[in-house]
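Engineer: Okay, here's what each chain looks like letter by letter:
Protein chains: 4
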Amino acid sequence: MTNKRVLVKPARKTFVEDLKREVTVDKGAVHFVEDNTKDYSTRDGTIRKEDLQKTEGTVQTTKGAEYAIFEQSFIDEYRGLRRLAQTIHRKDIGFIIAETGINKNSVIAEAGTGSAGLSCFLAPLVKQIHSFDSNDTHLDMAKQNLARLNIKNVTLHRQDVYQAIPVQDCDLFVLDLPEPWQALPHAIGAVRPGGFIINYSPSITQAQQCAVAAEKHANLLHLKTVEIIERPWKLSSKVARPASQMLNHTAFISVFRKIQ
Amino acid sequence: MTNKRVLVKPARKTFVEDLKREVTVDKGAVHFVEDNTKDYSTRDGTIRKEDLQKTEGTVQTTKGAEYAIFEQSFIDEYRGLRRLAQTIHRKDIGFIIAETGINKNSVIAEAGTGSAGLSCFLAPLVKQIHSFDSNDTHLDMAKQNLARLNIKNVTLHRQDVYQAIPVQDCDLFVLDLPEPWQALPHAIGAVRPGGFIINYSPSITQAQQCAVAAEKHANLLHLKTVEIIERPWKLSSKVARPASQMLNHTAFISVFRKIQ
Amino acid sequence: MTNKRVLVKPARKTFVEDLKREVTVDKGAVHFVEDNTKDYSTRDGTIRKEDLQKTEGTVQTTKGAEYAIFEQSFIDEYRGLRRLAQTIHRKDIGFIIAETGINKNSVIAEAGTGSAGLSCFLAPLVKQIHSFDSNDTHLDMAKQNLARLNIKNVTLHRQDVYQAIPVQDCDLFVLDLPEPWQALPHAIGAVRPGGFIINYSPSITQAQQCAVAAEKHANLLHLKTVEIIERPWKLSSKVARPASQMLNHTAFISVFRKIQ
Amino acid sequence: MTNKRVLVKPARKTFVEDLKREVTVDKGAVHFVEDNTKDYSTRDGTIRKEDLQKTEGTVQTTKGAEYAIFEQSFIDEYRGLRRLAQTIHRKDIGFIIAETGINKNSVIAEAGTGSAGLSCFLAPLVKQIHSFDSNDTHLDMAKQNLARLNIKNVTLHRQDVYQAIPVQDCDLFVLDLPEPWQALPHAIGAVRPGGFIINYSPSITQAQQCAVAAEKHANLLHLKTVEIIERPWKLSSKVARPASQMLNHTAFISVFRKIQ
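Protein chains in written order, with the working numbering: chain A, 38 to 297; chain B, 38 to 297; chain C, 38 to 297; chain D, 38 to 297.
Rather than coming from a laboratory, the hints here were simulated on the basis of the structure. Careful, some of the hints might be misleading.
In this list, chains with the same sequence are indistinguishable; a pair is considered to hold if it fits within one copy or across any two.
What the hints assert, rightly or not - The calculated DSS-like cross-link candidates involving lysine-lysine, where the alpha carbons are at most 25 Å apart (straight line), are:
(1) K261 - K50
(2) K50 - K253
(3) K64 - K253
(4) K57 - K253
Start from the sequences, fold in the hints, and give me the full structure.
Structural biologist: Below, the structure is given as structure tokens:
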């Protein structure tokens with residue numbers, strides 16, 4: 038049970054005969070209410086805290102606007118986290134899960150923690166996460182984010198992973214570091230045979246340097262390096278075409294497997 | 038504990054001075070051993086069942102070839118499933134997880150079951166799955182695949198979802214059907230407010246028809262329709278470039294949310 | 038000889054030791070001077086008309102800023118045209134040339150003219166262009182653009198191409214119309230055996246409807262339908278990665294060939 | 038007038054009621070006849086040289102199969118050239134034209150010549166081409182290809198462009214070399230102010246090294262580096278979707294402009 042709510046007023050369009058096309062009458066709105074024990078203000082008027090107790094159906098603002106209301110799901114709370122600029126994008130997190138098959142039984146690790154965006158997403162999916170960072174500002178933000186989502190199975194480690202990584206037998210280790218090749222030998226030591234190492238690098242030069250460093254380790258296979266591209270489309274009764282602009286790039290993702 | 042093993046002989050390359058480039062000496066090999074209570078044959082000779090008991094390290098074939106050995110992980114067993122041609126691709130499964138935030142606490146549903154590829158992947162990540170199909174051949178294959186992975190939390194339903202969907206309050210419903218718009222009203226009834234409906238269609242015409250049908254439901258938001266493209270790269274010390282050929286297309290994925 | 042000039046002040050960056058990265062000191066500037074018989078003002082001061090007579094080298098503004106100067110090439114003048122929103126993108130024009138092999142000996146045609154962006158680009162590459170449109174506003178803008186580039190080998194025709202196309206034996210006909218299938222039979226009549234018809238449609242539904250209409254014509258082969266995607270990269274000594282955002286879509290381009 | 042012909046038998050499909058889908062009855066065939074003074078054999082029988090004189094219409098084989106016949110266009114003859122593996126792809130040639138606006142009035146240059154694929158394509162579009170290579174095997178193949186297309190305005194130069202490039206005032210210089218940065222200073226000397234230099238490199242590491250080398254030249258602007266991706270689609274009355282597989286990569290193309 039959560040005291041967080043989502044409020045949605047759908048967009049409204051209407052077909053205008055003269056223009057021979059649909060026109061947006063109301064752009065709609067989505068609000069993420071963090072605390073339903075207080076009144077909440079929108080541009081269309083205020084919704085009273087009594088109404089925010091509801092977990093489904095609709096509520097009305099003081100000005101008569103109608104909003105659908107429902108409890109925040111994990112994904113809504115996740116979206117509401119404070120995050121550093123370089124947080125791993127969700128499409129890329131999805132790929133990591135799809136590629137490694139981590140699940141309820143998995144113990145995984147990552148470095149650096151950053152704002153713990155990755156750990157927060159994976160925590161409800163796996164058994165245990167170890168997260169390493171040497172930056173106290175990051176660790177503080179991570180701690181707050183984990184607390185906010187009430188996550189208990191992530192252990193934060195203040196640790197320079199270029200020097201050592203004091204865990205073992207992980208099913209997966211995710212490297213999200215400026216110089217991943219410096220942490221690679223320690224990451225190999227931290228996963229079990231059959232376990233995976235993922236490297237996440239914005240620049241292909243970093244991905245390349247990490248892949249070349251990996252070649253030195255006879256017990257590590259470089260399975261693939263890819264980009265995950267999420268291409269958005271516009272669909273309506275008359276038109277089906279890709280959106281005009283898109284996010285072109287987040288990072289190159291390399292998948293390695295420890296075989297011995 | 039599993040009696041399935043992975044055997045890996047890494048590829049070997051060597052730099053040939055005359056050619057001024059690396060040449061592959063041994064292409065390497067990967068074997069997925071389904072039953073380690075029997076001897077296993079490779080092109081390099083046989084590995085004896087006694088050696089296949091090992092869970093890490095290396096084993097030798099009768100001809101002296103050396104293989105790394107480790108226990109199959111979930112992802113290896115998943116790859117070994119018998120599958121129908123149209124099974125949802127793993128990159129797309131990853132996106133569905135990333136987009137909806139389903140996790141250990143989630144109850145989800147899908148139609149059609151097909152060979153249960155999606156259910157098999159998601160079962161170890163969520164609490165409970167309901168899977169609907171009206172094709173007995175599919176349901177049989179699904180049953181076998183679930184048994185093979187020892188999955189207990191997937192319930193198969195023999196059901197024509199164009200007629201009805203007899204579950205409620207799901208966190209997610211995945212439609213993988215030739216005419217998803219026929220099942221859409223029932224799928225809406227099957228998810229809770231705040232829950233998600235995903236449509237997976239190979240052709241944009243199907244995705245469009247489903248999106249247009251969704252517009253008729255005031256309690257459903259069409260959040261996005263996308264393609265997920267996994268672009269492979271080649272990395273070595275000298276070269277960094279995209280692979281020459283790639284998988285161009287699997288499906289269009291639409292994300293809807295029930296708001297009321 | 039042209040009286041149009043390009044003025045360029047290159048961007049300047051410097052490495053800042055404290056930040057350990059390059060910082061932009063001057064963003065640089067590019068100016069396209071339409072008339073070098075008048076003084077030209079920049080944010081860095083004025084360049085006098087006497088200096089604008091130069092065809093290469095550098096000029097100084099009244100405030101001492103230095104600009105490289107050179108005569109406008111065709112591509113600069115082309116960029117300076119007034120254009121309608123839907124003008125065919127240059128990457129797509131390039132594809133049309135590459136696919137059809139039109140050249141100095143080719144007689145080609147297009148409909149609709151629009152602002153004549155396509156005709157203006159192709160005119161200096163081919164022998165003769167016929168351009169059809171039924172919208173007088175378009176034809177006026179087209180006329181002005183052709184005059185501005187001093188193009189003599191484009192004939193504008195005021196014509197509803199859904200009714201008829203009064204030319205024959207063209208090497209290429211480019212359709213850039215809301216309902217290309219209506220003009221298709223006439224376009225087929227307008228090209229020689231072995232000639233090409235290109236359809237340019239923003240929405241895949243239009244491309245599909247045109248392709249299906251083409252199937253009815255036994256003397257027309259549908260060679261391919263493609264999207265041309267221009268993916269931008271960022272390169273510097275430290276970083277090599279795709280630009281964060283990109284133009285995702287302009288149009289679907291179908292290539293047909295008349296075989297008889 | 039050419040003695041080369043194209044023969045086309047269109048594919049034939051039919052809708053099979055039982056299967057509820059279209060089935061291919063005849064895959065069709067395309068033949069490029071190099072010499073119409075001799076009989077030509079197909080799998081469906083022989084077409085006699087008398088019939089091959091026709092420049093349009095249809096011809097019948099000795100077994101009664103019917104082919105559409107038409108004269109080869111430039112693009113057909115171009116496709117018939119012998120070519121080295123690394124020839125610049127046509128989609129990329131299209132981009133070079135689109136980006137630089139070269140035309141009938143342009144004098145351009147390239148290195149290396151290779152099999153002269155680029156020169157052969159551009160020759161009918163521009164005034165004059167200088168093509169440089171130091172490999173005699175390449176130059177011989179280039180000579181043959183130019184002769185085969187009866188091209189007169191390409192001058193082949195036997196020259197190591199890492200040492201010098203003895204032309205001036207070109208409108209465009211295309212570098213297609215293993216180490217383009219070695220030729221860059223000479224290429225800059227070979228183009229006029231306002232002229233373009235294009236670098237074509239399969240690996241991003243080459244493109245990066247060339248871009249970094251270009252930064253040293255204050256009179257050269259790096260306008261952009263891109264990939265051109267041609268994404269194929271399948272369209273029929275029922276289905277509209279991207280083709281399953283595609284060509285993922287040919288090269289990175291950098292566009293530079295000499296400003297002074």
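Engineer: Decide, hint by hint, whether the structure agrees.
Structural biologist: Hint-by-hint comparison with the structure:
no. : hint       : verdict
1   : K261 - K50 : between (45 Å within a copy, 17 Å between copies)
2   : K50 - K253 : between (59 Å within a copy, 12 Å between copies)
3   : K64 - K253 : between (56 Å within a copy, 17 Å between copies)
4   : K57 - K253 : between (64 Å within a copy, 20 Å between copies)
This entry satisfies every hint, going by the numbered hints stated previously.
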